[in-house]
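**Student:** The task is simple: from the sequences and hints, build the whole structure.
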Amino acid sequence: MAAEVFILGGAQSDFARNIDREGGGMFELFRDIAEAAFAATRIEPKAVETAHVGNFVGELFAGQGQLGDFFGHVHPDLAGVLASRHEAACASGSIATLAASAKIEAGRYGLALVLGIELMRNVPG
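Position 45 of the sequence shown, counted from 1, bears residue number 129 in our numbering, the numbering being contiguous throughout.
In short, the hints are calculated from the structure, not lab data. Hints should not be assumed to be uniformly reliable.
DEER-style ranges, computed between Cβ atoms [what the hints assert, rightly or not]:
{"no.": "1", "residue 1": "105", "residue 2": "131", "range": "30 to 40 Å"}
{"no.": "2", "residue 1": "100", "residue 2": "149", "range": "22 to 32 Å"}
{"no.": "3", "residue 1": "191", "residue 2": "102", "range": "39 to 49 Å"}
Glycine residues also receive a C-beta, built at the ideal position from the N, C-alpha and C atoms.
**Tutor:** Structural data, given as C-alpha cells:
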C-alpha cells in the first residue's frame with residue numbers, strides 16, 4: 085500500500101504585483117514564494133528532502149529553463165536537494181505536486197517542497 089501524502093500548507097504570490105516592474109525576475113518571484121511557504125508551514129528548509137517546481141515556458145519568458153537550481157540559492161540548506169522542473173502548460177504546478185506525491189508514496193522521500201512559478205503576466209507586451 086502506498087504511503088499517505090498530506091499537503092502541510094502553502095503560500096501564494098500577490099497577483100496584483102508585477103515583479104518585472106519592480107526590477108525583479110523569475111528568481112525573485114521563486115525566492116519570495118518559497119520563503120512564504122516556509123513561513124506558512126513553519127518547516128525549516130533543512131527538512132526538505134526533494135523539491136519540485138512547475139513552470140510553463142521559463143526559457144521563453146525568463147531566459148532560464150532549469151529552475152530546480154534556484155532552490156539552493158533560496159536557502160543554503162536546499163543546495164544539493166534533488167530538484168526537478170515539470171512543464172504541462174497551465175497544469176505545471178499540479179504535475180509538480182503529483183510528481184512529489186509519487187516520490188512520497190513510493191517511500192523515496194518524506195518531505196517535498198513544491199512551487200508553481202509563472203511570469204507570463206509579468207513580461208513586457
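**Student:** Please go over all the hints and tell whether each is borne out by the structure.
**Tutor:** Hints, verified against the model:
no.: 1; hint: 105 / 131: 30 to 40 Å; verdict: holds (35 Å)
no.: 2; hint: 100 / 149: 22 to 32 Å; verdict: holds (27 Å)
no.: 3; hint: 191 / 102: 39 to 49 Å; verdict: holds (42 Å)
Every hint from the earlier list agrees with this structure, and none is contradicted.
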